[in-house]
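Asker: Protein chains in written order, with this note's numbering: chain A, 1 to 184; chain B, 1001 to 1399.
Keep in mind the hints are simulated off the structure, nothing from the lab. Check before you lean on any hint, since a few could be wrong.
To be verified - Here are the simulated DSSO-like cross-link-like pairs (lysine-lysine), alpha carbons at most 30 Å apart as the crow flies: (1) Lys108(A) <-> Lys1248(B); (2) Lys1341(B) <-> Lys1150(B); (3) Lys1249(B) <-> Lys1170(B); (4) Lys111(A) <-> Lys1077(B); (5) Lys1370(B) <-> Lys115(A); (6) Lys1041(B) <-> Lys1060(B); (7) Lys106(A) <-> Lys1026(B); (8) Lys154(A) <-> Lys111(A); (9) Lys111(A) <-> Lys1295(B); (10) Lys1072(B) <-> Lys1054(B); (11) Lys1164(B) <-> Lys1370(B); (12) Lys1072(B) <-> Lys154(A); (13) Lys1301(B) <-> Lys1317(B); (14) Lys1079(B) <-> Lys1248(B); (15) Lys1072(B) <-> Lys1018(B); (16) Lys1054(B) <-> Lys1077(B); (17) Lys1077(B) <-> Lys154(A); (18) Lys1317(B) <-> Lys39(A); (19) Lys43(A) <-> Lys1026(B); (20) Lys53(A) <-> Lys1179(B); (21) Lys1280(B) <-> Lys111(A); (22) Lys53(A) <-> Lys1076(B); (23) Lys1076(B) <-> Lys111(A); (24) Lys58(A) <-> Lys1079(B); (25) Lys26(A) <-> Lys43(A); (26) Lys26(A) <-> Lys1072(B); (27) Lys1249(B) <-> Lys102(A); (28) Lys39(A) <-> Lys1370(B); (29) Lys1280(B) <-> Lys1341(B); (30) Lys26(A) <-> Lys1018(B); (31) Lys1248(B) <-> Lys1370(B); (32) Lys1026(B) <-> Lys1041(B); (33) Lys1341(B) <-> Lys106(A); (34) Lys108(A) <-> Lys1341(B); (35) Lys1072(B) <-> Lys53(A); (36) Lys1060(B) <-> Lys1079(B); (37) Lys1179(B) <-> Lys1019(B); (38) Lys108(A) <-> Lys1079(B); (39) Lys1018(B) <-> Lys1041(B); (40) Lys1077(B) <-> Lys102(A).
Keep in mind that this is a model prediction, so the values were computed, not measured.
Residues per chain, in single letters:
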Amino acid sequence: MDQIGVIYNSNIDDLFAYGTRLGFNKEEVMDAIHNIFHKIMLKNSLSELDNVKSYLFKSLRNELFNEFKRSRRVTLVGDEEGVLPFELQVNVEELLIEDEFKAQLKSKIEKTLRKITPRQREIIYLRYTQEYGYQEISEILGIGVPACRNLILKALRQLRDSDVKYFLFLCIRSQQFNNILTFL
Amino acid sequence: MSIVIVMVGGFLLGNSLKKALAMKIKDFLTNEYFIVWMLSKDADGAAYWEDYIKRNPADKEAFYQAQFEFNKVHFKKEKLSEVEKQELFSKIINQYVPDQGKSRSFLRKKMLYPVAAGLAILFSIGVYLQLTATDSKKVEPIIGRVGETKEIQLITGEQEYVFKGNTVLKVDGSDIRDKEGGTFQAEEGTTYNTLVVPYGRQSELTLSDGSHLWLNSGSTLRFPTKFSGIHRTIYLEGEIYIDVVEDKKRPFTVETSQFNVDVYGTSFNVNAYGDSFDGKDRVVLVEGSVAVETKEGNRAKLSPNEALLIEGESLSKQNVDVSRYVSWKEGYLSFDQTPMKEVLMELSRYYNLSFSKESNMDSDQTCTGKIYLSTDVSNVLETLSAMVDSSFKIEENNN
């Protein structure tokens, strides 16, 4: 019982945050967390696991996805099986930049994240908040490792192409910058 | 002369360099490719940027600074309160029945019902706290408020017990006992009970882990009959003095509507009335070590003889004479050049009094000394009159 308490306490915040990101409300996520812990205790299966946290993430995701299929309240986003709307909001308050730019940056990051698919957002979320490798993420999402990495590469390439012009401008300006330095 | 020119030139260069650097950092931060690469930390992106810096070495510093800043970006996270986490954990633990070959669907049905009930309880607590919180903010500080209940109440499950006078309670197994030998059956297991102490009353309570607390007038405390899991959490509105029994495996948290106090075996006083004269809540540490965390995530550690003042998001520390803040539990109030307003406010808590607006509360008069909290309020007012050279008159209020 002690072991389950330790596991519960060190994972509850991350699990709850992940569940609500998947688009479920507080009660639904609490219900799902209850059910996955219950199953773990009934099966008494924790000792066989390498990575408890990613196992919990995967279980929570499956539990919520089953709920989502059952209730059919939410319309499916995209055409892939198992895709849930994964909305992300960011907090930039800790950055040492002026408030005006904070607002600008926040909306820029959120706008950029809306340009990519929910699945790509979910992978990014797991990598950024949990520092997971593609191996762990592919297990949580139930897709292959190459598919998982390709989703990120696709997002990156798409955005790099749209930004080519912008970087041309950056290069030109840095050229001028060098000129000033030599001049002085 | 030439030196002067170089200096001016140097100054200008410094500024324009800074400006150019800042602009470039912003360019990186708002670049979509940079954003998604920073968030995904993909190796492919790393190779791209390495190449970019090779081609544009002047951007190197801006690039590293932009990376450094971007690492402070967080995704917004929804969070459960400590009490909610505790209650969810209790539900998980309490329904744990080793599998005896029942079918899965049967177990599932059996499980869902108590969860639904648990959520209903959580919901009603949320509403209750909300209401009291708004209520206490509306109260005008000068006119003391008269609580709805005049006696101490213990609410456990469906049961409600009322005590005459001050009371000393102890959680004993699945019961709560008072000093006179009365036994009150508490709600089973880890469900939270509520103790309401109205103005003019005080209560003492020993929790199931042996931690001993004094609850001041006009306070409400929620506590479980038994702590489960590896957290001990109680919920407070008002003021307590608490001696926490040390248990390194199970940290103790006092949660209020504005902040949490995390404890590891210690004595301290929490004042979270939300209507104090200075508009600040207060944590005073007598012994041990505590950390206070506001709901906004601001955190501060306290050492003995320190007081932390909490006003919204701002925290400030003071060195204090702790006896002045904890003497109420010994039956007296101690003042040291305390403004009259504050003295009268504290007295009104104990005796359920209102001071009329004409009582010259705005004078800069201060009060120094001790006032014993005798059961007869006119004695107290007499002492006060002598201390501050004023007179008081008691009028019955008929509401």
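Asker: Hint by hint, say whether it matches the structure.
Answerer: Comparing the hints with the structure gives:
Of the supplied pair hints, the one linking Lys108(A) and Lys1248(B) is violated, its CA atoms being roughly 45 Å apart against a limit of 30 Å. Distance restraint check for Lys1341(B) and Lys1150(B): the Cα-Cα separation of roughly 24 Å lies within the 30 Å cut-off, and the hinted pair is therefore satisfied. Restraint check for Lys1249(B) and Lys1170(B): satisfied, since their Cα atoms lie roughly 23 Å apart, inside the 30 Å limit. About 18 Å separates the Cα atoms of Lys111(A) and Lys1077(B), which keeps this hinted pair within 30 Å; it holds.
Note on Lys1370(B) and Lys115(A): the hinted pairing is violated, with a Cα-Cα distance of about 68 Å set against a maximum of 30 Å. A threshold of 30 Å between alpha carbons decides the hint, and for Lys1041(B) with Lys1060(B) the separation of about 18 Å falls inside it, so the pair holds. A C-alpha spacing of about 12 Å is found between Lys106(A) and Lys1026(B), which places the hinted pair at or below 30 Å, so the restraint holds. Of the supplied pair hints, the one linking Lys154(A) and Lys111(A) holds, its CA atoms being roughly 17 Å apart against a limit of 30 Å.
About 28 Å separates the Cα atoms of Lys111(A) and Lys1295(B), which keeps this hinted pair within 30 Å; it holds. About 26 Å separates the Cα atoms of Lys1072(B) and Lys1054(B), which keeps this hinted pair within 30 Å; it holds. Restraint check: the Cα-Cα separation between Lys1164(B) and Lys1370(B) comes to about 27 Å, which is no more than 30 Å; the hinted pair holds. This hinted pair checks out: Lys1072(B) and Lys154(A) have alpha carbons roughly 25 Å apart, not beyond 30 Å.
Pair hint Lys1301(B) plus Lys1317(B) holds up; C-alpha atoms about 10 Å apart against a cutoff of 30 Å. Among the hinted pairs, Lys1079(B) with Lys1248(B) is consistent with the structure: their alpha-carbon atoms are about 24 Å apart, no more than 30 Å. Taking the CA atoms of Lys1072(B) and Lys1018(B), the gap is about 21 Å. The hint holds against a cut of 30 Å. Taken as a hint, the Lys1054(B) and Lys1077(B) pair is broken in the structure, with Cα atoms around 37 Å apart against an allowance of 30 Å.
For the hint linking Lys1077(B) to Lys154(A), the alpha-carbon distance of about 27 Å falls within 30 Å, and the restraint holds. Of the pairs offered as hints, the one joining Lys1317(B) and Lys39(A) is violated, with about 47 Å between alpha carbons and a cut-off of 30 Å exceeded. For the given pair, Lys43(A) sits about 52 Å from Lys1026(B) by alpha-carbon distance, which is inconsistent with the 30 Å threshold. Between the alpha carbons of Lys53(A) and Lys1179(B) the distance comes to roughly 48 Å, so the proposed pair goes past 30 Å and is violated.
A threshold of 30 Å between alpha carbons decides the hint, and for Lys1280(B) with Lys111(A) the separation of about 40 Å lies outside it, so the pair is violated. Simply put, Lys53(A) and Lys1076(B) have alpha-carbon atoms about 20 Å apart, close enough for the 30 Å limit, and the pair holds. As the CA atoms of Lys1076(B) and Lys111(A) are separated by approximately 15 Å, the hinted pair is consistent with the 30 Å bound. In summary, the hint linking Lys58(A) to Lys1079(B) is supported, as the alpha carbons are separated by about 19 Å, within the 30 Å threshold.
Distance check on the hinted pair: Lys26(A) and Lys43(A) sit about 26 Å apart at the alpha-carbon level, within 30 Å; holds. As the CA atoms of Lys26(A) and Lys1072(B) are separated by approximately 27 Å, the hinted pair is consistent with the 30 Å bound. Under the criterion of a C-alpha separation no larger than 30 Å, the hint pairing Lys1249(B) with Lys102(A) is inconsistent with the structure, at around 41 Å. Only pairs whose Cα atoms come within 30 Å are accepted, and Lys39(A) paired with Lys1370(B) is rejected, the gap being roughly 60 Å.
The straight-line distance between the Cα atoms of Lys1280(B) and Lys1341(B) is roughly 15 Å, inside the 30 Å bound, and the hint therefore holds. Using a Cα cut-off of 30 Å, the hinted pair Lys26(A) and Lys1018(B) is violated, with the two alpha carbons roughly 46 Å apart. With a C-alpha separation of about 38 Å, the suggested pair Lys1248(B) and Lys1370(B) falls outside the 30 Å cut-off, and the hint is violated. Only pairs whose Cα atoms come within 30 Å are accepted, and Lys1026(B) paired with Lys1041(B) is accepted, the gap being roughly 19 Å.
With a C-alpha separation of about 46 Å, the suggested pairing of Lys1341(B) with Lys106(A) is violated against the 30 Å cut-off. Between Lys108(A) and Lys1341(B), the direct Cα distance comes to roughly 51 Å. Violation of the 30 Å bound is thereby established for this hinted pair. For the hint linking Lys1072(B) to Lys53(A), the alpha-carbon distance of about 23 Å falls within 30 Å, and the restraint holds. Pair hint Lys1060(B) plus Lys1079(B) does not hold up; C-alpha atoms about 38 Å apart against a cutoff of 30 Å.
For the hint linking Lys1179(B) to Lys1019(B), the alpha-carbon distance of about 72 Å lies beyond 30 Å, and the restraint is violated. Taking the CA atoms of Lys108(A) and Lys1079(B), the gap is near 25 Å; set against the 30 Å cutoff, the hint holds. A C-alpha spacing of about 28 Å is found between Lys1018(B) and Lys1041(B), which places the hinted pair at or below 30 Å, so the restraint holds. Distance check on the hinted pair: Lys1077(B) and Lys102(A) sit about 18 Å apart at the alpha-carbon level, within 30 Å; holds.
When the structure is compared with the earlier hints, violations turn up for hints 1, 5, 16, 18, 19, 20, 21, 27, 28, 30, 31, 33, 34, 36 and 37 and for no others.
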